[in-house]
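A.B. asks: Reassemble the complex: the two chains are provided individually, in unrelated frames, and hints are given to aid placement.
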Amino acid sequence: MIELQNVTLRIGNWQIRNLSFAVRGGEYAVLMGRTGVGKTSILESICGLRRVVSGRILIKTVDVTSWSPADRKVGYMPQDLALFPTMTVRQHLEFAPRIHGVAGKIIRERISQLAELLEISPLLDRGIRGLSGGESQRVALGRALAAEPLVLLLDEPLSALDETTRVAAQKLLKRLNQEMGIAVLHITHSREEAAALADTCLELDVVQDSRQAVIRSMSLR
Amino acid sequence: MLLILLLLIADVSFVSASEFQAALQKPEIRAAFRLTLVTCTLAALLSVWVATPLGYLLSRFSFPARGMIDVLVDIPIVLPPLVLGLSLLILFHQPFPLSRSMTMAPSNSATAVNHSEGQDSQQPGDQSTREAAGEHPGWILETWLRKDLGFPVTYQWPAVVLAQFAVSCAFAIRTMRVTFDQISPRAEDVARTLGCSRSQAFLQVALPQAWKGVLTAFTISWARALGEFGPILVFAGATRFRTEVLSTSVFLELSVGQLDAAVAVSLMMVAMAVLVLLILRGLGTGLSP
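So the sequence lines, in the order shown, correspond to chains D and B.
Straight run, no breaks: the first sequence in this note's numbering ends on number 221.
Straight run, no breaks: the second sequence in this note's numbering ends on number 1289.
If we strip away everything but chain B, and leave its shape as in the complex, we get (with noise of 0.2 Å):
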């Protein structure tokens, strides 16, 4: 506890108001505190929108492969971040299993790649790299979201919720499995005697029983989503204007030198979190109704 006061007052201390206001005042922090707030609010959705289901799923039911979800969910929390953030740059540009065999044939042909944007053209698994090479690469996860649905992911913004995403749906699901844990199953029982389908008892029953749990699970996201820092810079990169987020803020103003800006934007972040952990007291220790 002495350590995290003395860290803080050491940052407070290093930057005077004006320089911290003047570092606030910069266009690209601007941009970033905007990206990072609209990020990790698409984030911490997303990851409540997920954790429900599977969290209610892993409380109330037993099947065979529930513990191996539990293990796979758990994964995200002790990966080391730039792996995973790696594993996802792969994910989006390695052809799919069983696709090379398919674009094999001449009628798929029609498979080359937009390759205009510098960065993009540096991609593992480049598509066009390998078809120069006279290789078919197979289906290519980036490839078709990009020129078949026209939203690219990977170096553009969808990239750092999906960054923040793999890791705070994680902490979310452990949030609501315990929520659901905490709440007595028999309401639900007794509302499927009384007409209901599992999953009529399950949002008229459960879920208003759990939006203290649903509200933690968010908060909890949301400040896992504003930590995020390494995944967000292998998948997403640090380009100013378009994938900087504040964590990278940190990061870009460390690389120039500017460790005003870099402590100012650290101290912000800060005070974004204390406000959410303020905002978790609020919402009560137990997370039962």
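Isolated chain D (complex conformation) (with noise of 0.2 Å):
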């Protein structure tokens, strides 16, 4: 479903180079890597946030690699969630669909169930201020999964919440992973969090004396 062959970045001086692996649909794939690395610059070239210097990336077999962020259909959850500060979170799970022109009727229906499914149903209508960490982070993934989206980057999604919440929303990302069969992609550095989501688990790391960065499969036993 998300595949980079030979891809390589620039990161100011460093670089990620030839890098390449493979997601496939319904797969749950975790990256891990010291802080760094280029982990978040993977996940942002494949989102299209960021330029690959050489290298192809294809989803669901298409080769995206020129292609603006808005018609890739990659659901994005950055580590600091950056919620829309003036909308509230009705607005936030409805912003995709309106921009691509869904009907009312099926936005509505779209938002209740999946409001349903986050738990979010009772904080439709407030504003984002005053959101807790778990309540800000499921909105963050509503907001994405409303689009429709055919892949799922997630950028240590679970990294600011207590060990309690954390918990529950591994159960709830891996429950949507396999209820929606859409392939996800999702940095951490926690071995649990890995443990507990992953199908796949790779690594990047760094090539020692060297400014570039690997990646390879990695055993969590």
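Derived by calculation from the structure, the hints in this document are not laboratory data.
Treat the hints with caution; some may be incorrect.
As the list claims (entries may be wrong) - With the C-beta cut set under 8 Å, the calculated list includes, among others, these residues of chain D facing chain B: (1) Cys47; (2) Leu49; (3) Pro69; (4) Val74; (5) Tyr76; (6) Phe84; (7) Pro85; (8) Ala96; (9) His100; (10) Ala147.
Claimed, not checked - Only some residues are given here: those of chain B computed to face chain D with a beta carbon under 7 Å: (11) Ala1187; (12) Asp1189; (13) Arg1192; (14) Thr1193; (15) Leu1194; (16) Gln1209.
To be verified - A short list of chain B residues far from chain D (calculated; beta carbon distances all over 12 Å): (17) Ala1010; (18) Ser1013; (19) Phe1014; (20) Ser1018; (21) Ala1022; (22) Pro1027; (23) Gln1094; (24) Val1153; (25) Leu1252; (26) Gln1258; (27) Val1270; (28) Ala1273; (29) Leu1278.
The beta carbon of each residue, even a glycine, is placed where N, CA and C say it ideally should be.
C.D. replies: Dropping the structure here:
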């Protein structure tokens, strides 16, 4: 579903060179690696927010390397969530369908289902100020899912949550992955989180004495 | 601070309440007050309309001409006001480069100008004077506006707006740039992954977050337009009931020895400036939402 073929990224004076990996449809992949090694840059390049120097990015076997972020049908949840401060929870969920010109009735049905699935129905008419970390995280997830993306990219989505909320959120993410059959690429530093969620675990690492990063599969056992 | 207080006390003690009221009852001052409100508001609206996308562009994008635009934006701030007025006058009355050769053709002989208004006949680059001397002056902006669009600018009220806009826009652009610098671009990035184009992300995500900055830019532009004098005098003149605004009223009253009226108008402008400062304070010192 997501495939990177020999992708080279430049991040300042640092490079990720000839990166290749694939996440199949319905698969839950976790990407790990040290801070600053370029994990977020990989997600941004899949979204189209960062230009690749060379190589190809395929989503559902279509080469989207030169496509704008709007056309890629990628659900992206950044680490800081980047919620829209002037909008209510409902407006967040309505945002993508409205941009795509989906009919009002269908939007209302979709929002109602999503809100139920994410357990945020009582929050729909609230602004985002004052939401807890877990609530904000579910709103950001709902906003990404409302666009009906082909793949879901999550950048340390659970890092700011307490233990209880994190476990609940992990279950929710896994359930969404299984019920919606959506490919997920999830960045985390937590081995426990990776063990709980991952079908495949990838590690991004730096080649010794060089300014390059490489990716390899890793076992969590 | 002490000096400012002393200045204000001196002004207030100079005129009695009855003199102040009498000065403000004068029809020309009332007309100038009305024109000031209208032109300042138009100049501020125009400034915000230009400054919002330009401030966003300067804040969010890196491109080769950015440094040059940055410098150009600051020019009206550092330029002597009279020079700005003179430059506006020349822009509107100087034949455009290359247009002279085009109007030399016989088919373009119909470039006569209406010079019925006394003041206009003495403007630099006046077309009729040149034509009388057998020259074909080329395409002139003011002539085109006056003849083809029926919308004369120089020495009319639109010249007041344009002179005010030329300076106040620079302040609005600076304000809007700082506003967008303080808003994280992450939300716009996410909006683009959700299907927005860059312009949709700007209009639907960035702009609603920048509303305080827009209000601040409007208020600063309005205040700057209120205090504008030099460019207005040169480009719009100071004709009573036509291009007289409060800043030129002070000048006109002084020039005919009406010191009471000049001070009364000055105090009115001080009151308006204080009101603007209070509004700015009300909007908060921070520009972030």
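A.B. asks: Hint by hint, say whether it matches the structure.
C.D. replies: Results for each hint:
1. A least Cβ separation of about 5 Å between Cys47(D) and chain B falls short of the 8 Å threshold, and the interface hint therefore holds.
2. A hinted interface residue such as Leu49(D) counts as satisfied when its beta carbon comes closer than 8 Å to some beta carbon of chain B; here the least separation is about 5 Å, so the hint holds.
3. Taken as an interface hint, Pro69(D) checks out: its beta carbon lies about 4 Å from the nearest beta carbon of chain B, inside 8 Å.
4. Interface hint at Val74(D): satisfied, since its Cβ lies 6 Å from the closest Cβ of chain B, which is below the 8 Å cut-off.
5. The interface hint given for Tyr76(D) is met, as the beta carbon of that residue sits about 4 Å from the closest beta carbon of chain B, less than 8 Å.
6. The beta carbon of Phe84(D) comes within 5 Å of a beta carbon in chain B, closer than 8 Å, and the hint placing it at the interface holds.
7. At about 6 Å, the closest approach between the beta carbon of Pro85(D) and any beta carbon in chain B falls short of 8 Å, and the interface hint on this residue holds.
8. The restraint placing Ala96(D) at the interface with chain B holds, with a minimum CB-CB distance near 4 Å, inside the 8 Å limit.
9. For His100(D), the suggested interface contact is upheld, since its CB lies about 5 Å from the closest CB of chain B, less than 8 Å.
10. Interface restraint check: Ala147(D) against chain B, minimum CB-CB distance 5 Å, threshold 8 Å, status holds.
11. Interface hint status for Ala1187(B): upheld, as the beta-carbon distance to the closest one in chain D is roughly 5 Å, under 7 Å.
12. Nearest Cβ of chain D to the Cβ of Asp1189(B): about 5 Å, under the 7 Å cut. The hint holds.
13. Interface hint at Arg1192(B): satisfied, since its Cβ lies 4 Å from the closest Cβ of chain D, which is below the 7 Å cut-off.
14. With a least beta-carbon distance of about 4 Å to chain D, the hint placing Thr1193(B) at the interface is held under the 7 Å criterion.
15. A least Cβ separation of about 4 Å between Leu1194(B) and chain D falls short of the 7 Å threshold, and the interface hint therefore holds.
16. The interface hint given for Gln1209(B) is met, as the beta carbon of that residue sits about 6 Å from the closest beta carbon of chain D, less than 7 Å.
17. For Ala1010(B), the non-interface assignment is confirmed: its Cβ lies about 47 Å from the closest Cβ of chain D, beyond the 12 Å cut-off.
18. No beta-carbon of chain D comes within 12 Å of the beta-carbon of Ser1013(B); the shortest separation is about 49 Å.
19. Non-interface status of Phe1014(B) relative to chain D is upheld: no Cβ of that chain comes within 12 Å, the nearest being about 49 Å off.
20. Consistency note on Ser1018(B): stated as away from chain D, and its beta-carbon is indeed over 12 Å from all of that chain's, at 51 Å minimum.
21. For Ala1022(B), the requirement that its beta carbon stay farther than 12 Å from each beta carbon of chain D is met, with the minimum near 49 Å.
22. Non-interface call for Pro1027(B) relative to chain D: holds, since the shortest CB-CB distance, roughly 46 Å, exceeds 12 Å.
23. Gln1094(B), annotated as away from the interface, keeps every beta carbon of chain D farther than 12 Å; the closest lies near 44 Å.
24. With a closest Cβ-Cβ approach of about 39 Å to chain D, Val1153(B) is found to remain outside the 12 Å limit, as its non-interface label requires.
25. Every Cβ of chain D is farther than 12 Å from the Cβ of Leu1252(B); the closest lies at roughly 47 Å, confirming the non-interface assignment.
26. No Cβ of chain D comes within 12 Å of the Cβ of Gln1258(B); the nearest lies about 51 Å off, and the non-interface call holds.
27. Every CB of chain D lies more than 12 Å from the CB of Val1270(B), the least distance being 36 Å, so the non-interface label holds.
28. Non-interface status of Ala1273(B) relative to chain D is upheld: no Cβ of that chain comes within 12 Å, the nearest being about 31 Å off.
29. Here Leu1278(B) stays apart from chain D, with its beta-carbon at least about 25 Å from theirs, past the 12 Å limit.
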